[in-house]
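S.K.: Those sequence lines, one after another, are chains A and B. Numbering-wise, numbering that gives the first Met the number 0 puts 271 at position 272 of the first sequence, and it's gapless, one number per residue. Numbering-wise, numbering that gives the first Met the number 0 puts 581 at position 582 of the second sequence, and it's gapless, one number per residue.
By construction, these hints were calculated from the structure, which means they are not laboratory data. Accuracy of the hints is not assured; some may be wrong.
Heads up, simulated EDC-like pairs for lysine to aspartate or glutamate below, C-alpha to C-alpha not over 20 Å straight-line [unchecked claim]:
1) B:K231 <-> B:E244
2) A:K476 <-> B:E170
3) A:K161 <-> A:E381
4) B:K238 <-> B:E254
5) A:K476 <-> B:D119
6) B:K436 <-> B:D518
7) B:K233 <-> B:D258
8) A:K375 <-> A:E106
9) A:K391 <-> B:D119
10) B:K264 <-> A:E381
All figures in this text were calculated on a predicted structure; none of them were measured in a lab.
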Amino acid sequence: MDMDLTLSSSSPSDFLASVAPGFPEFFLLALGSLVFLGGTFRQDRPLWGWISFFGLVTALALALRPIFHSPMEGNAYHGPLVYDGLSQTLRLLTFLCGAGLVLMGWEEGDSTHIAERNGLILFATAGASLCVAANDLATLFLSLELVSIPTYLILFLTRGDKFGRESTLKYFLLSIFSSAMMLFGFSYLYGITGSLQIPEILAILSQSSLNPVPEAVPTARLVGLVMVVAGLGFKVTAVPFHFYAPDVYQGTSHFGASVLSTLPKIAGFAALARLTGLTFETNGGVFLPFESQSSYLFWILASVTMTLGNVIALWQTNLRRLFAYSGIAHAGYMLVALSVGKEVGATGALAALVVYLWAYVAMTLGVFAIFIYLDKKGKHVEKVEHLNGLAKTDPVAGGIMVVLLMSLIGLPLTAGFIGKLALVQCALRRGLESAITEAHPNSELRLFFGLSIMILVNAAIAGWYYLRMIGALYLRKGKDTHPSNRPVAALVTGFVCVVVTVAVGILPGLVTRGIGEVPWHGIKSKAGMANPMDKSPMEKPPGH
Amino acid sequence: MKEALLALIAIPLFGALLTVFTARHCRNRARTIALTATIMTLAISVWLVAVDFCGWGGQPGSYAGETRFLILGTGGPVDPLRGISFHIGLDGISLGMIFLTGFLFPAALFLTGKASPLNDWGFLAWFQALQGLTFGAFLSLDLVLFYLFFELTLIPLYFMVGGWGGGLRIEAATKLFLYGLTGSLFTLGGIVGVSLALGGMDKGCDFSIPRLVLVAQDRGKPMEASMERVAKAKSEMEKTMSDREKDAARARFDEAEHDLFQKRKVEAQWFNWQTTLFLMLMAGLAVKIPIIPVHFWQPLAYREAPIALTVVLSAALAKLGLFGVVRIVLPLLPDASVRLATPVLGTLATIGILYGGLAALGTSNLRSMLAFSSISHLGFCLLGLVSLNETGLTGGVLQMINHGITTGGLWLLALILLERFPSLEIHTFSGMGKRFKAMGVVAVLLVLSSVGLPGLNNFVGEALSLLGMFAQGGEGRQLAVLATLGLILGAWYMLNFLLRTFYGDERIPATVQGRIPTDLTGCEKMVFTSILALCFLLGLYPQPALKRISADTHLVARELGEARRRQMGNPIPENIGSMVLTHGSPKSGTNQPSAPQTQKGGAR
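Sequences and hints are given; from them, build the entire structure.
M.R.: Structure representation (structure tokens):
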């Protein structure tokens with residue numbers, strides 16, 4: 000924290016005022032340490048489970064209180080943490096996700112390190128939550144490490160056999176490597192701009208009026224961008240930084256996979272959104288030069304990521320491997336929002352990203368919760384065919400699973416549908432708008448139209464492998480196993496995930512508060528861009 | 000009225016829930032609930048038809064019982080009229096579809112015997128849910144709402160085909176779902192594109208179909224007002240003397256010219272996008288109908304689905320796609336429709352008519368034959384719709400109802416045969432007419448209706464569709480001639496079926512239980528009598544129905560006529576078929592094109 004102090008604000012009281020909104024996270028860190036300490040005296044599942052769970056609920060309740068939001072005026076730098084709409088909604092998501100992880104792990108794994116594991120979840124949750132609010136590079140890096148380091152340990156604790164060790168080591172090495180790449184990128188950004196504060200960096204990077212522009216700046220800017228995206232791409236499993244995910248997911252337990260597929264992705268996407276200037280309110284071309292570079296970069300990443308993820312997922316039979324590829328594909332969809340960027344006018348793309356992130360986390364967490372539930376019930380689920388006939392033997396788990404799978408396919412009334420609708424709309428909007436305003440060559444229309452088509456084609460491909468699972472659940476016959484016990488906590492997690500999925504699917508406005516409306520509710524028009532399409536007689540009474 | 004429409008959607012969905020929660024272990028109770036719910040919807044839809052024909056409903060050309068409230072909204076202060084809304088209403092085009100849905104679902108359940116495995120609570124719950132969703136899709140006046148119902152119908156279909164179907168049920172269900180999903184995802188893209196392009200981008204998206212239709216009509220209008228404004232500003236600029244006035248006038252002129260320029264640009268862009276959007280929107284609808292290159296799921300699904308489901312799948316759900324064409328594609332994308340509908344969809348429909356006919360001729364199973372004949376008959380509906388004039392559109396919509404009644408009746412016949420016999424291989428039956436007199440009469444009349452005998456319902460719809468296509472001239476004529484061959488094929492396979500099964504030496508296979516099969520029972524007679532009554536009613540006195548339909552198709556046809564005039568520079572072709580409609584449509588005389596030719600003399 001010392002480092003932040005020297006970097007950000009002039010006086011200590013200013014600094015304190017600026018980090019005060021982060022109190023829920025600091026509370027979680029303190030509680031995590033306490034749990035760690037307590038673990039040396041006692042390893043008690045219910046005790047540490049309840050403490051961690053209530054800690055997370057308290058943090059959630061605290062985060063909802065307005066005094067823990069910081070006032071935001073424009074893009075000025077207020078301190079290392081910024082609590083704008085994006086951090087508010089993703090913070091809630093992170094806490095919910097952490098609470099879900101605690102619940103899912105209630106009866107999972109061996110009991111010898113249960114306190115440590117709960118403490119680590121608290122740490123990782125706090126880290127992800129700090130990351131979504133990080134407003135300078137140092138805080139960003141520290142909070143990302145605060146997600147990664149507990150994750151290594153969780154991976155190790157949750158499955159200590161040969162495969163578990165192998166996958167932990169793999170994740171550990173590659174994660175360190177990606178952090179190094181990211182730091183390398185940060186050093187470029189710092190070198191060009193002389194600042195660690197994200198708003199300032201973006202402002203300087205994008206200024207075409209940097210007069211005279213030193214010849215090296217565009218190249219250096221690009222190198223920095225690519226390196227940072229590579230580092231964060233590892234966290235969000237963007238192709239080609241995805242290659243660890245299937246092996247690691249398969250090698251670890253359901254619990255380890257559920258941690259890996261949620262917290263680092265929330266943190267990574269929030270960081271990407273901030274670093275590409277998606278959260279900024281200003282527009283009108285300030286960030287344009289930087290943006291168009293990043294836009295095309297993300298275009299390529301998004302299209303390759305979703306296509307590869309979905310196509311390879313078609314061949315998978317191992318459930319965790321399948322969900323690793325499915326997670327890669329969903330990351331590809333979310334990268335579309337980053338590619339669309341700011342040029343559509345305001346916050347449409349950001350809202351789409353947030354809705355999809357909520358949807359993704361709820362769906363994935365719910366699916367893994369059901370896997371854990373089945374596992375503990377004595378029905379070992381590793382492969383798709385292990386799900387056969389589940390709807391008959393366990394209608395509740397089957398019902399939860401089928402709703403989540405429908406959402407993953409993207410059928411209406413679920414969050415998955417709304418997320419895809421928002422993303423398709425963003426992409427099409429950018430394409431069509433650039434064609435009308437002719438601010439860009441017509442190729443932009445083709446690019447972004449193509450991107451939206453790619454989302455749709457990919458959603459259709461994904462339908463295939465998710466449907467195979469629905470078919471296994473409902474249409475095929477399986478062996479009836481006698482349940483040994485009933486891990487209610489995991490089932491409850493699954494149910495809450497279904498509730499969140501459906502709620503976001505019907506009222507997406509719930510999670511986009513403060514970051515602008517979902518795309519179909521309109522965007523602020525760019526200054527000076529009168530849209531002629533508005534002059535149509537829209538306000539006539541219909542029908543006559 | 001409003002409540003009736005809401006009830007149509009709510010009652011079946013409520014019935015499904017009731018079945019799930021109260022009748023899981025009692026087959027009789029489940030059946031009672033399902034029958035009660037579906038018969039209630041039948042009563043409501045009959046009431047709606049009655050109200051409409053007595054003139055108590057809405058005005059022709061508007062929507063009756065409109066309900067609208069915002070769903071999928073945000074908490075923010077947004078224009079309450081925009082966004083995705085739950086917006087439903089009834090008009091002449093959807094009225095017939097509502098009646099079909101309300102009639103065939105209870106009929107299929109009613110005729111399914113008490114001992115049938117389909118009286119499972121799961122099947123009945125899905126069946127009712129499917130009916131609610133189908134009603135919803137036919138009533139939707141919001142693009143996303145339509146899509147939502149349209150897509151959600153896949154879920155009950157998947158579970159019903161996969162859970163209660165024949166030997167290849169899982170394959171059939173998977174194929175059905177994946178074809179439907181892939182197609183409708185493109186439709187989703189098309190819907191978003193249409194709403195962005197027509198509904199404006201700055202204020203947010205509009206998905207309301209009636210308002211988007213207004214915009215589409217307006218978009219097509221020549222920009223006379225803007226041009227006038229420019230001319231006025233120009234003359235003013237030349238007139239005015241003092242410097243300050245001159246500046247102001249120049250500013251006005253610049254503004255007017257900019258406005259005109261923008262409008263031209265928007266129109267040019269809009270014109271270009273329409274083709275793409277047309278293809279995207281059609282993708283999902285084409286799969287649902289199905290038209291020819293994307294029909295591969297259909298024969299398998301119709302054959303493997305539980306027979307009660309096949310009845311509604313063919314008679315009601317196939318109409319969802321056609322309904323989408325006439326409700327969404329034609330009015331929202333008039334220019335692309337004029338350019339693409341006849342050459343592309345018309346050709347595909349004609350190929351479908353011939354292919355379906357030939358394939359039906361080659362099959363030996365009654366279910367396969369009816370499946371292929373459905374492709375053929377739905378081709379006639381589509382052919383009518385894509386002829387883009389009032390005659391054809393009206394004929395197409397009427398033919399949708401006729402197909403629902405006649406083919407629905409034939410499927411119901413297949414259903415009661417399956418109640419009696421283990422299989423529907425045509426060669427196992429012979430000379431049934433001697434023993435089963437009532438069944439024979441029903442079969443003969445339904446087959447005659449299906450082949451288009453004058454005096455029965457299909458004749459009217461097919462004739463109007465073909466007339467409409469013929470009236471279009473050019474390739475339309477060739478297609479109409481080719482499609483007429485389909486009628487001959489239809490007569491061939493249908494009469495062949497009749498001849499082989501109900502005439503000739505008596506050879507009746509044993510029943511499932513080895514009992515001697517019976518002729519039609521009282522309930523069955525009741526259902527088939529009402530079907531045959533409808534066939535005769537629509538065949539002998541179709542004017543009220545035509546009048547009701549054309550009140551709404553007329554508006555679509557007018558818009559399309561304008562689009563055609565814009566593009567081709569030639570007038571709407573003389574309405575050959577309008578003599579059939581002259582009683583019906585009081586407006587048809589007043590809307591003949593006035594001054595056609597604009598530019599581009601390249602037309603015929």
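S.K.: All the hints need checking, so say for each whether the structure fits it.
M.R.: Right, here's what the structure says about each hint:
1. Distance restraint check for K231 of chain B and E244 of chain B: the Cα-Cα separation of roughly 15 Å lies within the 20 Å cut-off, and the hinted pair is therefore satisfied.
2. A hinted pair counts as satisfied when its Cα atoms are at most 20 Å apart, and K476 of chain A with E170 of chain B qualifies at roughly 15 Å.
3. Simply put, K161 of chain A and E381 of chain A have alpha-carbon atoms about 17 Å apart, close enough for the 20 Å limit, and the pair holds.
4. In summary, the hint linking K238 of chain B to E254 of chain B is supported, as the alpha carbons are separated by about 18 Å, within the 20 Å threshold.
5. Among the hinted pairs, K476 of chain A with D119 of chain B is consistent with the structure: their alpha-carbon atoms are about 18 Å apart, no more than 20 Å.
6. Between K436 of chain B and D518 of chain B, the direct Cα distance comes to roughly 7 Å. Compliance with the 20 Å bound is thereby established for this hinted pair.
7. For the hint linking K233 of chain B to D258 of chain B, the alpha-carbon distance of about 14 Å falls within 20 Å, and the restraint holds.
8. For the suggested pair K375 of chain A and E106 of chain A, the alpha carbons sit about 8 Å apart, so the restraint of at most 20 Å is met.
9. About 14 Å separates the Cα atoms of K391 of chain A and D119 of chain B, which keeps this hinted pair within 20 Å; it holds.
10. Among the hinted pairs, K264 of chain B with E381 of chain A is inconsistent with the structure: their alpha-carbon atoms are about 57 Å apart, more than 20 Å.
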